[in-house]
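Peer 1: This is what each chain is made of:
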Amino acid sequence: MAVAAKDLTKDYKYGFNDGDEFVFRAERGLSPEVVADISRRKSEPAWMLEFRLKALEHFRQRPMPSWGADLSGIDFDDIYYYVRPAEEQGRTWDEVPEGIKRTFDRLGIPEAERKFLAGVSAQYESEVVYHSIREDLEKLGVLFCDCDTGLREHPEIFRKYFGTVIPPNDNKFAALNSAVWSGGSFVYVPKGVRVEIPLQAYFRINTESMGQFERTLIIAEEDSFVHYIEGCTAPTYSKDSLHSAVVEIIAMPNSHVRYTTIQNWSNNVYNLVTKRAIAKEHSVVEWIDGNLGSKVTMKYPSIYLMGEGAHGEVLSVAFAGDGQHQDAGAKVIHVAPNTTSTIVSKSVSKGTGRTSYRGHLKVYPKAHNVRSSVRCDALLLDEQARSDTYPYMDVEAEDVQIGHEATVSKVGDEQLFYLQSRGISEQEATAMIVNGFIEPFVKELPMEYALELNRLISLQMEGSVG
Amino acid sequence: MTETPASSRMTREEAVAVALAGGDPAWLAGLRQTALSAYREVPWPSSARDEDWRRTPQIDKLDPAKFAEPQDLGAGELPPYLQAALDGPLSAGDISAFVISDERGNLHPSQPVAPRAAYPIAQELAGGLAAEAEVWQSVAGKVAPPGLRKWISLNTVRTRGGACVHVARGQQPEGYVRLLHGVSQGSASFPRTLIKLEEGASLTVVEEWVSPADDPSLLAPVVEVELARGAHLTHVFLQQCGDQTVVQSTVRAQVGQEARYDVRWNMVGAAWQKSYFEVLMLGEGSDTRLVGLCVGRQRQHYDVQTLQDHVARGAVSDLLYRVAVADRSRSVYAGLIRVEEGAQKTNAYVQNRNLLLSPQAKSDSNPTLEILANDVRCTHGSTAGRIDDNQLFYCESRGIEREQARRLIVEGFFADVVDSFPEGTLRECGRGVVLEALEELARSGALASTSRSA
Chain A
1 MAVAAKDLTK DYKYGFNDGD EFVFRAERGL SPEVVADISR RKSEPAWMLE FRLKALEHFR
61 QRPMPSWGAD LSGIDFDDIY YYVRPAEEQG RTWDEVPEGI KRTFDRLGIP EAERKFLAGV
121 SAQYESEVVY HSIREDLEKL GVLFCDCDTG LREHPEIFRK YFGTVIPPND NKFAALNSAV
181 WSGGSFVYVP KGVRVEIPLQ AYFRINTESM GQFERTLIIA EEDSFVHYIE GCTAPTYSKD
241 SLHSAVVEII AMPNSHVRYT TIQNWSNNVY NLVTKRAIAK EHSVVEWIDG NLGSKVTMKY
301 PSIYLMGEGA HGEVLSVAFA GDGQHQDAGA KVIHVAPNTT STIVSKSVSK GTGRTSYRGH
361 LKVYPKAHNV RSSVRCDALL LDEQARSDTY PYMDVEAEDV QIGHEATVSK VGDEQLFYLQ
421 SRGISEQEAT AMIVNGFIEP FVKELPMEYA LELNRLISLQ MEGSVG
Chain B
1 MTETPASSRM TREEAVAVAL AGGDPAWLAG LRQTALSAYR EVPWPSSARD EDWRRTPQID
61 KLDPAKFAEP QDLGAGELPP YLQAALDGPL SAGDISAFVI SDERGNLHPS QPVAPRAAYP
121 IAQELAGGLA AEAEVWQSVA GKVAPPGLRK WISLNTVRTR GGACVHVARG QQPEGYVRLL
181 HGVSQGSASF PRTLIKLEEG ASLTVVEEWV SPADDPSLLA PVVEVELARG AHLTHVFLQQ
241 CGDQTVVQST VRAQVGQEAR YDVRWNMVGA AWQKSYFEVL MLGEGSDTRL VGLCVGRQRQ
301 HYDVQTLQDH VARGAVSDLL YRVAVADRSR SVYAGLIRVE EGAQKTNAYV QNRNLLLSPQ
361 AKSDSNPTLE ILANDVRCTH GSTAGRIDDN QLFYCESRGI EREQARRLIV EGFFADVVDS
421 FPEGTLRECG RGVVLEALEE LARSGALAST SRSA
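So the sequences go chain by chain: A and B.
Residue numbers 1 to 466, in the working numbering, belong to the letters of the first sequence in order.
Residue numbers 1 to 454, in the working numbering, belong to the letters of the second sequence in order.
Chain B with its partners taken away, still in its complex shape:
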């Protein structure tokens, strides 16, 4: 475990904070200073001490000093990987607003996507924060307080790009908001997304996390969501990072009375990842559905930690996370359902299913329950296993070759996750990410039949 020395790095953080705060409104400069103090105070995590990191050692992969300073590529110039992502299948959909960022901050492509919304739902981070200070003061650093974790404070200090997404009361814009966050050049990017839906508003947001192949960058987004009474947010994460990229993300939401939060995530790519999805059920009768998948290959390491915190009574939360690990990859999952005192009539569920595609792949599953109320229904289930021989036999007896059969079975394993994506372009994109990952597995021979280890 590397205990990161405080001194030299802090000076740099401080310099960055001060430089960034130069252009910030006073409240934001204050928040960055608070975050800087928090970053200094919170010790560097250790897999020996911190339960969160017990199964994910090598935390020094996240050491910010390891990454290069962002290079200026010239204004408006998109690096090829971002241009490719921009022109990807999502561009075909019904886009209501669009924001793009990388390690340099928000970018302005020379051929911007023309959003069709009548009013600006989404703005670049700096513009949004300046324009609607009173809105974002109650979200930024409030949903995800800097002191909660070292990486949240670091993001708060260093973020220079991202998006502010705000939907006024009762508004229900069509189509989806597209947020594209990239990182390259071996640097570190700290995008920040702030989403606020006023009472009765409804919106779909899709966030893409991308990086080029063979690029040892760090992508460390923080996403804060606040849903007022009766609001409904569908929040899709499509991650397609390069195989050398390190990802550390936090998605944290406060769900109000009778509001609904639908989260879908596809995790593919990245060498090493630690991701948090945390939902605070603050309003009575709120409803959250978290559905995600992950495909691991080679020596990839994916650590996902989820929280369904039931503060208000009568709320429902439901999580399904499906993982397939091939080669020597490893998945770590920890999911906590916490029911606070007084949160009666809670109904919460966690399901984690792990498919082991190679004898060397490994999955850790740790769903947990902390229940401080009694009139509740809280359940979790977890399974780990390899491809069922009966299913293989069924396919083979119908003339499907073994490798193809294995591919079909894995595809089928993910079917209910993919089918839960919003119909249309988003579902097709979600399916596309899975099929591409399976293609990659097939190409590398990871789907070829494994012989039992003696």
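Next comes chain A alone, as it looks inside the complex:
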């Protein structure tokens, strides 16, 4: 199958920029002064400043990871670590500065909100510029705001959980985020409350050489349910941007948290994210993780099954086009007995794209009667494409059932032939097969997202067959 090299950026419809739109921008580079300045501008309590400075120190001492994707292109001194786009956060879209509102209009956020969301948060550069939550949920005590507001207005809950799932010294990029974090979402769902309609956060980077470091903390109390969706885009620049988020989830007994990501950064963003959930007794945590954009992604959503009977699920799709490296995966740590987990990873490499599945499944000695299955499938569309699979399995308990399977293959000639013999063009047929390949993922998405994802995939696939 001869393949025409395709300029992906050409079809990246979110690649526009709106000129520099900000009221304050910290100087380039990272220093204790920059960190202190961020903290001061946010009028944070002393403990947070101390937390940030400690994290900065750790970030400086920690070496770059020697494994995974090539990160040598990141110049930490050439990045803006904090850009404040507006003075105030809007409660209605009219309160959002015109230029920024136009951006989100073009991204279709206000429209989506009207149609099918219970709450929306929109982050532009370092700060959340728009925020809303349905009144009925607010009355039930559901908190959904940006993390800065969480710290300011709900300090008891915030401080109790912040940094407990992912401490600053967890890894180099968690340390970086802990030092300069800004924005993100703070979600608190009280006992017994089920938020049936998804909450959504939308992240947008606009400035060139910008670093976005949002911080998300989700606490689901007993017997509650919440589905949180995030999406992200950025303009296409010649210089690289850095996105390094930290997401912490605490799922209390019998709760159910579903976290969906559609990552569609432009191809000049390094996306280095730490995501981790703690699942207590009989709770369910699901990561639904779609990686389509970015230059390099390193992201391994993890679940610590701490309580008996807890269940973890990671369902992910990675699509790497020319020049992209999606180093994604999943981690599930079985600490408690009778816990179960499922990991399904689907990846597609096209052109010179590279996908890697990097997983870790661990069963601690006292975790008996654990069941887990890990399945990774990779599809290679072109000769230069590359796929790697690195699942680690550590089993320290006897009474377990662990299964892992991985396959790597190209689009089946028989399948292509079958479709083509029915009058479907090769390109269409290939796109159909790819869509079928990721079907288990797509069917877990809300309808609107599923449609959007299918559209994105067919965009990526365009011109892939010649």
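Note that these hints are calculated values from the structure, not bench results.
These figures come from a predicted structure and were not determined experimentally.
We put the beta carbon where it would ideally sit given N, CA and C, even for glycine.
Do not rely on the hints blindly, as some may be mistaken.
[What the hints assert, rightly or not] Only pairs whose alpha carbons sit at most 30 Å apart, straight line, appear in this in silico DSS-like list of lysine-lysine:
(1) A:Lys-443 / A:Lys-295
(2) A:Lys-362 / A:Lys-443
(3) A:Lys-54 / A:Lys-160
(4) A:Lys-410 / B:Lys-61
(5) A:Lys-101 / A:Lys-239
(6) B:Lys-61 / A:Lys-362
[Unchecked claim] What the simulated footprint calls covered on chain B by chain A, stretch by stretch (three residues with Cβ under 8 Å from a Cβ of chain A suffice, anywhere in the stretch; the number is not a length):
(7) 356 to 367
(8) 437 to 448
Given the structure of chain A, go ahead and fit chain B onto it with the hints provided.
Peer 2: Just chain B, lined up with the frame of chain A:
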């Protein structure tokens, strides 16, 4: 982690290298010097830094300074454990050639086995290297370059015994070549096996790695195999070391066009082991089957690392590794399928199955894929679990006692590995090793029913 100091030990290595090189042909002396430099340059591995060693700490168990200098027991005198191995079930088979070595080098038993081959297929290491220099120059240090790993360079510097196995074009000797490598007296042995099969040749080689019980020796063999076009080698490894022995082995092969490499291994015994099986699929349409098993008990630690490197297109490789771990033993497995650019139409498979016989036993499984071509079919599977309650119930409902039932189930777990051994003496020996290991497990109570940990 012990960072081994360079100075004092190096002097000894150097002395040994120079002494050994004294009797070597010039090319071999040169190779030993290269290996010595490589040994010095490659840092001592660390489980914090090196992925290969992450799950196998205590690397200082391999420190060559810990082992005694070989003692001269008198020429021709075989220590009892070697004599016992020599007289073992394999002696009943159809042996076409025979070589024996231990830490002192190649040995010449007073009652040698009479091989039936019409021409010498296998020779002692030194004799073979001297007699067929032009053959071995392209194999020794080429298939397993000294710089690849510290232990390969160490073996290259210090090897004094082993075998050269060479089959000429189109020759297909009957029976099997028997290579017996032992170590004892708390010393270190570095046997080297070189195998070269010319075009269309076919051969079966069985290598035994043995040591006496309660002997804290180091057995560190390096095996280099080169298969020319259309050649077929069946390579069986039967390891029955004593429970105190440390094993560090490398088996590395280059498989040519339409050649076939069949490897079978039984790993039993040894206190602590790190073994590599690496196959480079250099020829189009080559075919490799790796099938092995391991039984761990007490505090044994087995680390096996495999590589199926597909360089040429249209090659097939298939690996099955079954592990049963009892007591507090631990298995570590890492298996990489790598498909290089251009190696289209590759078909590769890895399967690792782990049976946990005790709540304290542990298995790590890490099959990995690195695929740089697209028209391929590469798959791996890995499982870990304990004995299925339904199977136990089935046996017990038919009047089989629990312990006996567990033993049968473990035996059944290994059946497909054993059945893949070449029919006849080799398969019976393979089965014998498994049955003996199970007997040992039963004796120590490791097969008695385990109660669930609360």
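Peer 1: Against the 30 Å threshold, does the CA-CA distance of Lys-410 of chain A and Lys-61 of chain B hold or violate the hint?
Peer 2: violated (45 Å)
Peer 1: Under the criterion that the straight-line Cα-Cα distance not exceed 30 Å, is the pair Lys-101 of chain A, Lys-239 of chain A satisfied?
Peer 2: holds (25 Å)
Peer 1: Holds or violated: Lys-61 of chain B and Lys-362 of chain A, Cα atoms, limit 30 Å.
Peer 2: holds (27 Å)
Peer 1: Does the alpha-carbon distance linking Lys-54 of chain A and Lys-160 of chain A stay inside the 30 Å limit?
Peer 2: Given that 30 Å is the threshold and the Cα spacing comes to 18 Å, the pair holds.
Peer 1: Within the stretch 356 to 367 of chain B, is the number of residues with a Cβ closer than 8 Å to a Cβ of chain A three or more?
Peer 2: holds (count 12)
Peer 1: Does Lys-443 of chain A pair with Lys-295 of chain A here, judged by a C-alpha cut-off of 30 Å?
Peer 2: holds (26 Å)
Peer 1: Holds or violated: Lys-362 of chain A and Lys-443 of chain A, Cα atoms, limit 30 Å.
Peer 2: holds (28 Å)
Peer 1: Count the residues of the stretch 437 to 448 of chain B whose CB lies closer than 8 Å to any CB of chain A, then report whether that count reaches three.
Peer 2: It is violated, with 0 qualifying residues against the three required.
Taken one by one, the earlier hints fail for this structure at numbers 4, 8, listed in ascending order.
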